[in-house]
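> If you read the protein sequences in the order shown, they are chains A and B.
In terms of full-length UniProt numbering, the first sequence has 244 at position 244, counting the first letter as 1, and numbering is strictly consecutive.
In terms of full-length UniProt numbering, the second sequence has 239 at position 239, counting the first letter as 1, and numbering is strictly consecutive.
Watch out, some of these pointers could steer you wrong.
Computed footprint of chain B on chain A, listed as stretches where at least three residues anywhere in the stretch have a Cβ under 8 Å from a Cβ of chain B [claimed, not checked]:
hint: 1; stretch: 70–80
hint: 2; stretch: 257–263
hint: 3; stretch: 266–275
hint: 4; stretch: 282–293
Which residues of chain A face chain B? A partial, calculated answer using Cβ under 8 Å [stated by the list, open to error]:
hint: 5; residue: VAL8
hint: 6; residue: GLY237
hint: 7; residue: LEU279
Honestly, the hints are just simulated from the structure, not real lab data.
Note that this is a predicted model, so its numbers are computed, not measured.
Yeah, the Cβ is synthetic: ideal placement off N, Cα and C, and Gly gets one too.
2 protein chains.
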Amino acid sequence: MASEDGEVVKNVQVIFRDYVSGFPKETDMEVRESTMKLRLPEGSNGLLVKNLYLSCDPYMRTRMAKLDIPGYVDSFKPGSPITGYGVARVLESGHPNFKKGDLLWGFTGWEEYSLITAPEACFKIEHTDVPLSYYTGLLGMAGMAAYAGFFKVCSPKKGETVFISAASGAVGQLVGQFAKLFGCYVVGSAGSKEKVDLLKNKFGFDDAFNYKEEPDLDAALKRCFPEGIDIYFENVGGKMLDAVLLNMKLRGRIALCGLISQYNLEQPEGAYNLMNLILKQVRMEGFLVFDYYHLYPKFLEMVLPQIKEGKIVYVEDTTEGLENAPAALIGLFSGRNVGKQVVVVSHE
Amino acid sequence: MASEDGEVVKNVQVIFRDYVSGFPKETDMEVRESTMKLRLPEGSNGLLVKNLYLSCDPYMRTRMAKLDIPGYVDSFKPGSPITGYGVARVLESGHPNFKKGDLLWGFTGWEEYSLITAPEACFKIEHTDVPLSYYTGLLGMAGMAAYAGFFKVCSPKKGETVFISAASGAVGQLVGQFAKLFGCYVVGSAGSKEKVDLLKNKFGFDDAFNYKEEPDLDAALKRCFPEGIDIYFENVGGKMLDAVLLNMKLRGRIALCGLISQYNLEQPEGAYNLMNLILKQVRMEGFLVFDYYHLYPKFLEMVLPQIKEGKIVYVEDTTEGLENAPAALIGLFSGRNVGKQVVVVSHE
């Protein structure tokens, strides 16, 4: 595909227009056709890749605001393509870790072809006997967030009670399955009957409820956890966190993975029940998956056999085509997606 | 003093009237004169003690409400004396750990004489070359809270920046001094010029501010910590916690020791900035000192020489007489006390 001179190809891109406040809209992004010369710049140690699958993740909302937090990912750049996790095929490599034809997952652009300038942060895909799209979720960032968040941040013990919010999402469905396999009692919340059915019947949660149909979240949690919650895997924040704080057990742990209910509010909701952290000696810890990528080989070693034996399943919500990517991303914030939201750029 | 038959003596008591909501008042307690037979009940393995010093602690406010939290201390019993930490002299012992004449610190009643029914939770006082009243604070629960909270919960490293709220209080003044001796940069907040002077000039804090005179707590913290806060030792909650969350550094730690600003509110204030826990991977942990009492001998080994060498100082606010104890306790919530609030029952 790449020639000595560099073939010039059309390159459909999803451009980030400008910083967003409040609920993001599709029109905060623009799908634009540009062109790209399929050749690495002279002396580049980057990668020229063809993008295959892109990942829509709630944390991307935080990148739509102007942030400057050391150690956190950068904000999107107005006028440039959205960036995020994806699966791509290497067309040309200037980096010793990769060669032409390799598959990788890592940070790439929302466009057909990308120049990846930080290949050292990408992972070569070695196992292709699973759906490639899994590397946007189960076998990528979401899987690592579930693995590290549950096993490392929550320090689980067999028999403990685990509650997961946004439990049918990219991360939640995995945390629940990991916790069940580990020997915990697992309950999840989600925002529709369909998702609750998934939790109970597909992912094997012990119980689940639709938070939109519970007038009293505290009562719902007391019904599901008469003895209280040892571990809360937090994906949503807001009123759910406050209700959970009332129901934590002594020496419980809360892993803060995301607060999706808060990302689009001009002013976040308050958490009023923090005193329970003291009364029950609870640890609440925010974490970012980037800190745990050194565990990726260990994670794969655990999870690949589980996938092949059918012990871990994964539900994806697949959107075809870059032109539909903005709607797919925005849909996360209304809970439109059922399972992990993936955008297919190309089936090759 | 105790005779074979048991001398009957007058016993002034501070009685807890009924559960409190909102700001507690002196009249929620009643000072009453009763009598007591100075003799252990037949077969008791308890202790008959003469109380010398009583401790006024903010956590006692939580015990004025009807709570039922496993692992936390019980609520006060309406119609019975207030209970809390104190220093006492053993008059008669039914327990092998103690003998007549011993000094102890531990849970006792707000009265002249008490029958301690759980002597195994009391500590024998072995070192009397320091002020005895120190065992209500520096060498008692407050000291252990500062020691365990700082060294165990906060996992400090040399050179880190430490912020302490209610920093001139029973616990805060010690956390600051421990942190300075350990090699941290230490800033405290307090509620008067006098207290701020203490922090800077007596306790050796690097900086301090009067939160009542700061129109913008976020700005005050940014002024004191241009690079951010590694460790926050939380005694107050509310707006201060929210401002601190904005100023935490990557992988910071927050030890929740108390939330005194919230105890008297019908509805606690919200914490709006929890997203910072994720963005900066911060751990926030509530702790109770009871979990750490096994470290008491190690703590004494560290702190007794520091006291004798003048490296650790301790400021107490002493109130004479049980009849003034209710006012002393209530005063904690308006910040009337300067340093550790102690009530002297008897100088013997």
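> Take the hints in turn and mark each one as holding or not.
Now the hints, each set against the structure:
1. Counting residues of the stretch 70–80 of chain A whose CB falls under 8 Å from any CB of chain B gives 3; the rule of at least 3 is met.
2. Check result for the stretch 257–263 of chain A against chain B: holds, 4 residues qualifying (beta carbon to beta carbon below 8 Å, three or more required).
3. By the rule of at least three residues with a Cβ nearer than 8 Å to a Cβ of chain B, the coverage given for the stretch 266–275 of chain A holds, with 9 such residues.
4. With a cut-off of 8 Å between beta carbons, the stretch 282–293 of chain A has 8 residues touching chain B; three or more are needed, and the interface restraint holds.
5. Evaluation of the VAL8 of chain A hint against chain B yields a violated restraint, the C-beta minimum of about 40 Å exceeding 8 Å.
6. Against a cut-off of 8 Å between C-beta atoms, the interface hint on GLY237 of chain A holds, since the closest Cβ of chain B lies about 7 Å away.
7. Interface restraint check: LEU279 of chain A against chain B, minimum CB-CB distance 5 Å, threshold 8 Å, status holds.
The structure does not agree with numbered hint 5 stated previously, though it agrees with all others.
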